[in-house]
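J.: Read top to bottom, the protein sequences are chains A and B. Per this note's numbering, the first sequence starts with residue 1, numbered consecutively. Per this note's numbering, the second sequence starts with residue 1, numbered consecutively.
Take these hints with a grain of salt, some might be off.
Identical copies carry no separate label here, and so any pair may be met within one copy or between two of them.
[Stated by the list, open to error] Straight line, CA to CA, 20 Å or less: simulated SDA-like cross-link-like pairs of lysine to any residue:
1. K149 <-> S247
2. K149 <-> P245
3. K149 <-> E249
4. K50 <-> A40
Please keep in mind that the hints were generated in silico from the structure rather than gathered at the bench.
Number of protein chains: 2
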Amino acid sequence: MSGWLVIAGLGPGDDALVTPEVSGALSGAQDVIGYIPYVARVPDRVGLTKHASDNRVELDRARHALTLAAAGRRVAVVSSGDPGVFAMASAVFEAVEAGDPAWRDLDIRVLPGITAMLAAAARAGAPLGHDFCAINLSDNLKPWPLIEKRLRLAAEADFVMAFYNPRSRSRPEGFARALEVLREACGDARPVIFARAVATPDERLTIVPLPECSPDMADMRTVVLIGSSQTRVIPRSGAPFVYTPRSVEP
Amino acid sequence: MSGWLVIAGLGPGDDALVTPEVSGALSGAQDVIGYIPYVARVPDRVGLTKHASDNRVELDRARHALTLAAAGRRVAVVSSGDPGVFAMASAVFEAVEAGDPAWRDLDIRVLPGITAMLAAAARAGAPLGHDFCAINLSDNLKPWPLIEKRLRLAAEADFVMAFYNPRSRSRPEGFARALEVLREACGDARPVIFARAVATPDERLTIVPLPECSPDMADMRTVVLIGSSQTRVIPRSGAPFVYTPRSVEP
Numbered sequence: 001m002s003g004w005l006v007i008a009g010l011g012p013g014d015d016a017l018v019t020p021e022v023s024g025a026l027s028g029a030q031d032v033i034g035y036i037p038y039v040a041r042v043p044d045r046v047g048l049t050k051h052a053s054d055n056r057v058e059l060d061r062a063r064h065a066l067t068l069a070a071a072g073r074r075v076a077v078v079s080s081g082d083p084g085v086f087a088m089a090s091a092v093f094e095a096v097e098a099g100d101p102a103w104r105d106l107d108i109r110v111l112p113g114i115t116a117m118l119a120a121a122a123r124a125g126a127p128l129g130h131d132f133c134a135i136n137l138s139d140n141l142k143p144w145p146l147i148e149k150r151l152r153l154a155a156e157a158d159f160v161m162a163f164y165n166p167r168s169r170s171r172p173e174g175f176a177r178a179l180e181v182l183r184e185a186c187g188d189a190r191p192v193i194f195a196r197a198v199a200t201p202d203e204r205l206t207i208v209p210l211p212e213c214s215p216d217m218a219d220m221r222t223v224v225l226i227g228s229s230q231t232r233v234i235p236r237s238g239a240p241f242v243y244t245p246r247s248v249e250p
Numbered sequence: 001m002s003g004w005l006v007i008a009g010l011g012p013g014d015d016a017l018v019t020p021e022v023s024g025a026l027s028g029a030q031d032v033i034g035y036i037p038y039v040a041r042v043p044d045r046v047g048l049t050k051h052a053s054d055n056r057v058e059l060d061r062a063r064h065a066l067t068l069a070a071a072g073r074r075v076a077v078v079s080s081g082d083p084g085v086f087a088m089a090s091a092v093f094e095a096v097e098a099g100d101p102a103w104r105d106l107d108i109r110v111l112p113g114i115t116a117m118l119a120a121a122a123r124a125g126a127p128l129g130h131d132f133c134a135i136n137l138s139d140n141l142k143p144w145p146l147i148e149k150r151l152r153l154a155a156e157a158d159f160v161m162a163f164y165n166p167r168s169r170s171r172p173e174g175f176a177r178a179l180e181v182l183r184e185a186c187g188d189a190r191p192v193i194f195a196r197a198v199a200t201p202d203e204r205l206t207i208v209p210l211p212e213c214s215p216d217m218a219d220m221r222t223v224v225l226i227g228s229s230q231t232r233v234i235p236r237s238g239a240p241f242v243y244t245p246r247s248v249e250p
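Chain A extracted, bound-state conformation (with noise of 0.2 Å):
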């Protein structure tokens, strides 16, 4: 049996940002599985059988691309960014470790991608220069509390944050509430990058104070920076660079 199964993160839109180990393996594969959009990215070949489906059955994709490679098949499963953050990857061990326990010595690779924040970041300067944590806002996955202690101890631990996910289509209050904890818990005019779509020919870069946020500036293509105490912003004829120094002084 040589099939094998890789989940390979196709970065945040531009092909200037796919890796070449993630375009060597999508054009040796012989079937692409993925959100619909993503499976687009692939440029269609001679062999290859794409198979696009819709957001929400990711565990159902899973299953299908581990039965496809336990089958001997060269298969790719594909994300936006980075595959192990919030996007394939755990889908796919997940379904490893209820599955066939055959699937678990299946020849699986994971294939590292640019994910959001890090072009976000790059696009704005270096917002996340010092330590940082990321959090998917979205509460189909979490309980609200959990995402609501989560802010409030990263405030107090003064990391800059990245947040996935912000505005749901399900649940668009859930981010308002979030603005609201990060009012209370920061309490100061740190500097919030919106970054919609970057990498992409809808990108967006909007950079305000936190006081002047609003919830209806994310939406479900923007990743949303959060500055710590420590985040500068270097006023320039263009939009300005916002950077987190490397050091704190004792």
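Could you slot chain B onto chain A? The hints should help.
T.: Relative to the frame of chain A, chain B by itself:
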């Protein structure tokens, strides 16, 4: 004046993890500036001047790069991993803020790369599949009490944790103290991943429960990932898969 300055991420070591964006910028640069082993990774060619410097001169290096770009040169500052994560991008913006006001209007771009924790996580499975934080353990850059406070708050938030620079040559005792704090704050057998020199010929991955960790398992080339209370280990015939599920049940 047509100079520019890119701060480019070379990824963890393997050229297959360098983005085409970074390769393209390097092929157009006239000057490459950085720490000796990273500059050595850029191929020599006619018209390219390499400026390699030792560690711990980040600000000098940044000012040098800005001076060259201001004089009209096309300059690449190279970092391993992602330049925005505990690497050169913050140093450049520190130099911009404190330096010649004309530097603010230079064409400065950060080109993201695969940061060490993403490469390490990919090798182990998907340990960063749920909320996580990244902490630079070097206490050259911040006072130890702040590091300890962040470790305790991160444990209370039940974040997966990624540690950069766990063990510096100058202060090897810091990581031992970090492990003590974690054992006290986490209190159970969380999986710990020591990922040394990932994506290089010296790569070594060690997965052990927290109580069995010893400080000498990390060196300056190691990234350490500490699982959350939810992180799972899937035994198999080879090295186990480690992943953190996407969801936390209410």
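J.: None of the hints should be skipped; say for each whether it holds.
T.: Verification of the hints:
1. K149 <-> S247: The answer is between: 16 Å across copies meets 20 Å, while 27 Å in one copy does not.
2. K149 <-> P245: between (26 Å within a copy, 19 Å between copies)
3. K149 <-> E249: Classified as between: cross-chain Cα gap 15 Å, same-chain 28 Å, threshold 20 Å.
4. K50 <-> A40: within (9 Å within a copy, 41 Å between copies)
When each numbered hint is compared with the structure, no violation occurs for any of them.
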